[in-house]
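Position chain B against the provided structure of chain A, taking the given hints into account.
In case you want the letters, here they are:
2 protein chains.
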Amino acid sequence: MLLHPSAMVGLVVEMREKGMGLPELVEELLKYHRMDEHFSKGRILGSMCTEPHPVARAAHMLFIEANLGNPRLYRGTASMEKEVIGDLGRLMGLDEPAGYILSGGTEANITALYLAKKKTGGRYVVYPKSAHFSIQKAIKLLDLKPLPVELTEEYVMDVDHLRKRLEEVSPGRLAAAVAVAGSTELGTVDPVDEISSALPPGVPLHVDAAFGGFVLPFLPFRGKYNFEVDGVTSMTVDPHKMGLSTIPSGALLLRGFEDFKRIAVSSPYLTEPFAYTLAGTRASAAVAATWAVMNHLGREGYGRVVEECMENTRFLDRGMTELGFPHIIEPVINVLASGTADPEGLQRRLEDAGWYVSKVCKPPALRFVLMPHVKRRHLEEFLKDFEALIQT
Amino acid sequence: MLLHPSAMVGLVVEMREKGMGLPELVEELLKYHRMDEHFSKGRILGSMCTEPHPVARAAHMLFIEANLGNPRLYRGTASMEKEVIGDLGRLMGLDEPAGYILSGGTEANITALYLAKKKTGGRYVVYPKSAHFSIQKAIKLLDLKPLPVELTEEYVMDVDHLRKRLEEVSPGRLAAAVAVAGSTELGTVDPVDEISSALPPGVPLHVDAAFGGFVLPFLPFRGKYNFEVDGVTSMTVDPHKMGLSTIPSGALLLRGFEDFKRIAVSSPYLTEPFAYTLAGTRASAAVAATWAVMNHLGREGYGRVVEECMENTRFLDRGMTELGFPHIIEPVINVLASGTADPEGLQRRLEDAGWYVSKVCKPPALRFVLMPHVKRRHLEEFLKDFEALIQT
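Same order as they appear, the protein sequences are chains A and B. Counting from 1, one number per residue, gives the positions in the first sequence under our numbering. Counting from 1, one number per residue, gives the positions in the second sequence under our numbering.
A few of these clues could be false.
[Unchecked claim] Only some residues are given here: those of chain B computed to face chain A with a beta carbon under 7 Å: (1) 9; (2) 19; (3) 25; (4) 33; (5) 86; (6) 91; (7) 97; (8) 257.
If you are wondering where the hints come from, they were derived from the structure by calculation, not from laboratory data. Remember, predicted model here, so these are calculated numbers, not experimental data. All C-beta atoms in this analysis are idealised placements derived from N, C-alpha and C, irrespective of residue type, glycine included.
Bound-form chain A, shown alone:
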């Protein structure tokens, strides 16, 4: 593996002796700010994050000090976390869920597999090849053994192949199964009920709905993907993606608190005797942000947001199809993959033109995520630019 130029090596700088005055500091900060891309410009078409809602931003600022690593000091924020976890549980078909708002989907997925490993004593994890790479991270970190499952022609987990995989190991050696509700690359939703039925009893089934969790409940989607399926033991749902909250906000939901005790560590000098999350200090301003935006929008508000995103997804799909880049699958959620032989080349040329799209390797495609910051006018502009680009 070559060292990528982005290797994080600090610059050789000597920390300044005297501080920088405010006017210069502001100027410098704005210089760096201009170097960043910003969602509001509508040019980021391949990210699963978006502009946080203004009420999320305001609440984040108000609660900037909050740290639920030390919950007795932050009883208000702790109450908001309980409400948010309760809300998300109901949204995912479960009363009285246990859970936490963590730093994001990756920490939530890692924690889910950590809990499953401790519960079962098993080492093997079955997951669809469409799973997010955080599952690879978790497997590597936790010394688990991967049993990837092939996808069907619809790019969801192939339950027949899952059954074959399951025959390869004795049930006692399984740590967990993972299914995806709203996959990163194509936005597909695995057949969670069929997967659950195929599993030996007692195998934890984690559903990664980091992205889909704030989309699927607001669509006329008929598949079962959440706690309504009895076998589902845990779920990841990220408020900082389609929930329009601030980073860092990724929820892990469980059927009961019991499992968290397996990973508890004594925390003698804090206000609580045990710590149950991977992080110590927790950036809990985002809990307040999530509470604020969820209460401000309500189901109705998210419904409108999702509807607009889906309209934009279909609009872009039609435009790309007309230009000769038909979708790989009919979009299930607001993720569109438009087939092309050379996604990498197009991605690079688009970036030169100031458009940030993503790519899928297998099958080769340009990948778009139609987040709320992407408006119809941005897409019209994009299609014009893209048409010009492919003709040169």
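Just chain B now, with coordinates in the frame of chain A:
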């Protein structure tokens, strides 16, 4: 283990259908805000966090969208991270460090031990009994084996006992050694150079300076605790503690980037081909906050902050001694442990009186962290209240 009442179980709530209007939302947020404690009131005397500096707060808000999990979109923030890592490296005696700003000291410590495990293939970790409980978390998460080392009468790692511990396992089975520079309970600094000399060659030595990293460089402290000791391979330094930045900001520093490649995971749909951190989406507003406050204060500014904290530490120490609660050790940094037979009872009674102090179990003591939000006037008030409390 009993289920603590703080078990995070969501409330049974149904997510609201219609959103809450702004006036009601603001009122509700302020209600929760009043339930939280706030550093500015000067009543939190046992936390290692503090009010973020105003420039950190402002920069955090300006860069609220930034996510270095997708660094090509955030070139400005990425540049700031490189500068901060460079600055922190120099502060810790190292040019051109590799590293990242992570979610906090715990993620940094976990990552350091993860890298060490991958590098050595070993499983055993030696660490002083004064190490932060994040080391226990890392050991549990990474399936490592603990070899705790006793403390001397000065409450630092006992190097003689370390040597005995090291005889218990063959060098090839060691994953890492951990030393602490500014321990959580007593603020002690382990003899890092002696520890380094006692280790077999090639054993990674991680120094947890999560707290001390922004204190020790600004004190006339003579011990060696950082990269100036050749054997030190990695360090944790938290800007969101004495660095006056916002949460989440904990730095992991390494001598070179090479080691990070051992934990790399392919990240096909992002703007970079590999991911090297545990988290995926990263809350990078705090990187900008750290950059801002470090540049605004400079060494001189931190020097003033630390000086005031140390003066307050000595002031409180004198006051507590006069009341019959002498320190366990002469404070090395701005952490004070005042001996008492019943820290728990006193802690509870103080909390009833609106004061948040912490405790040490062995030796029994009340524990204070004199952070920048704690002013002389708060301590005078505290001593008055404490005197009244112990006389009733």
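So, going through the hints one by one against the coordinates:
| no. | hint | in the structure |
| --- | --- | --- |
| 1 | 9 | holds (5 Å) |
| 2 | 19 | holds (4 Å) |
| 3 | 25 | holds (5 Å) |
| 4 | 33 | holds (6 Å) |
| 5 | 86 | holds (3 Å) |
| 6 | 91 | holds (6 Å) |
| 7 | 97 | holds (5 Å) |
| 8 | 257 | holds (4 Å) |
In summary, the structure agrees with every hint in the numbered list given earlier.
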